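S.K.: If you want the building blocks of each chain, they are given just below.
Protein chains: 2
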Amino acid sequence: MGRTSDAKEKIISAAESLIELHGYSALGVAEICKSAGVPKGSFYHFFESKEALALAVIDQHWAVECRGWTGVLNSDAEPLERLRQLFQLTEAAQRTSQKNCGTVSGCMFGNLTLEMSNQTEAIRARLQGIFDAQVDMVDSLIGEARERGEVIVSDTHQAARSIVAQLEGQVLFAKLYNNTSLADALWTNALSLLGARAPQMAAEA
Amino acid sequence: MGRTSDAKEKIISAAESLIELHGYSALGVAEICKSAGVPKGSFYHFFESKEALALAVIDQHWAVECRGWTGVLNSDAEPLERLRQLFQLTEAAQRTSQKNCGTVSGCMFGNLTLEMSNQTEAIRARLQGIFDAQVDMVDSLIGEARERGEVIVSDTHQAARSIVAQLEGQVLFAKLYNNTSLADALWTNALSLLGARAPQMAAEA
Chain A
1 MGRTSDAKEK
11 IISAAESLIE
21 LHGYSALGVA
31 EICKSAGVPK
41 GSFYHFFESK
51 EALALAVIDQ
61 HWAVECRGWT
71 GVLNSDAEPL
81 ERLRQLFQLT
91 EAAQRTSQKN
101 CGTVSGCMFG
111 NLTLEMSNQT
121 EAIRARLQGI
131 FDAQVDMVDS
141 LIGEARERGE
151 VIVSDTHQAA
161 RSIVAQLEGQ
171 VLFAKLYNNT
181 SLADALWTNA
191 LSLLGARAPQ
201 MAAEA
Chain B
206 MGRTSDAKEK
216 IISAAESLIE
226 LHGYSALGVA
236 EICKSAGVPK
246 GSFYHFFESK
256 EALALAVIDQ
266 HWAVECRGWT
276 GVLNSDAEPL
286 ERLRQLFQLT
296 EAAQRTSQKN
306 CGTVSGCMFG
316 NLTLEMSNQT
326 EAIRARLQGI
336 FDAQVDMVDS
346 LIGEARERGE
356 VIVSDTHQAA
366 RSIVAQLEGQ
376 VLFAKLYNNT
386 SLADALWTNA
396 LSLLGARAPQ
406 MAAEA
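In order, the protein sequences belong to chains A and B. Residue 198 in this note's numbering sits at position 198 of the first sequence, and the numbers go up by one each step. Heads up, this note's numbering is the position in the second sequence plus 205, with the first residue counted as 1.
No wet-lab data here; the hints were simulated from the structure. Since we're looking at a predicted model, the values are computed, not measured. Where a beta carbon is used, it is the ideal one built from N, C-alpha and C, also for glycine. Just so you know, not all the hints are guaranteed correct.
Claimed, not checked - Each pair of labels, with its calculated beta carbon distance range: (1) B:Ala268 / A:Lys50: 17 to 25 Å; (2) A:Gly28 / B:Ser240: 19 to 27 Å; (3) B:Asp281 / A:Ala125: 40 to 48 Å; (4) A:Gly149 / B:His362: 45 to 53 Å; (5) A:Gly37 / B:His362: 29 to 37 Å.
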């Protein structure tokens, strides 16, 4: 049992690294198994298809990233300060990817959205769920900031969507230019998008 | 000569449609030639590699899109109104892709950035050039609006970059949710990002 479980985890972990480097389409089952160090035959014991594996990779990647988001967004810090920390977390993740992969590899969910969401409905639905969750988390934080009179926003959900969209756009540029300096732009733009009343105070918090 | 030129154009055009639908990695030379209706042998007469073809596709796609951007951004309308028209053009392009491909296919340059920019330096460089050009065009427009006292921006280049990033992020959502309603969010957010003084007036222009 221990071994079986190990093999499945090794496949998911190898696929996660390969998808981060090369995307989904370029990926072959033989390459995944070689990288995972498991016999090729074992793949279909655990996954009925490459798509099923991709869904498992997405779930695992989000489980880890969601812990990071939750840790930052549910802390005791003031709402806007938590948002700033989320952007710092995003920049740190891109620095890690640059270190591990040689160049910035971007956001796996953004990458797969543009590569795959118009090709498989199962992957589209899973990615929608993740971005829905991200927007909801930011929405809740904006609601808190609004109650404190720190932002001027009529539709917190729309504002949260715009902040996540800006994050994805800036991560796209980070990947394109292999440059991880994105937290400052995200922070400045979020304050503008939120009509934040006291950015200086929040920045110094 | 006429025929030769035709075959090359047919290959580029077929590849453009296939890349829009399935991305770059999933694409095979045989599939391209079949779709173009040209013999497989002719491919390497025109292109030394799939990458060389991708560069030709990117160039052709930008040649067309750039005409659209230039037409809108260099018109006689007021600067912010031209920006609003750029967002409407973006939404219209996504509606066309939804009609032609069945679902929204997104921005080819954003798609290829996330799929390919960390894998081939030639494609990365070409995409950087295109996004540089887009940012420069928006930068110039913001400069005009600033001279007219319509926006409050200290760094027009940074602001232009944020507007293009927001555009890519909203197009990503358009693809993910197969929903083309993005011009309004882009316009509202651009006004916030630019600290635009008179959004109502501009919107009614």
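S.K.: Taking the Cβ atom of B:Asp281 and the Cβ atom of A:Ala125, is their distance within the range 40 to 48 Å?
M.R.: 46 Å, holds
S.K.: Is the gap between the beta carbons of A:Gly37 and B:His362 within 29 to 37 Å?
M.R.: 48 Å, violated
S.K.: Should the hint that B:Ala268 and A:Lys50 are 17 to 25 Å apart at their CB atoms be regarded as holding?
M.R.: 36 Å, violated
S.K.: Would you say the C-beta atoms of A:Gly28 and B:Ser240 sit inside 19 to 27 Å of each other?
M.R.: With Cβ atoms ~23 Å apart, the hint holds.
S.K.: With respect to the beta-carbon atoms only, verify the hint that A:Gly149 and B:His362 lie 45 to 53 Å apart.
M.R.: 33 Å, violated
Of the numbered hints listed earlier, those contradicted by the structure are 1, 4 and 5.
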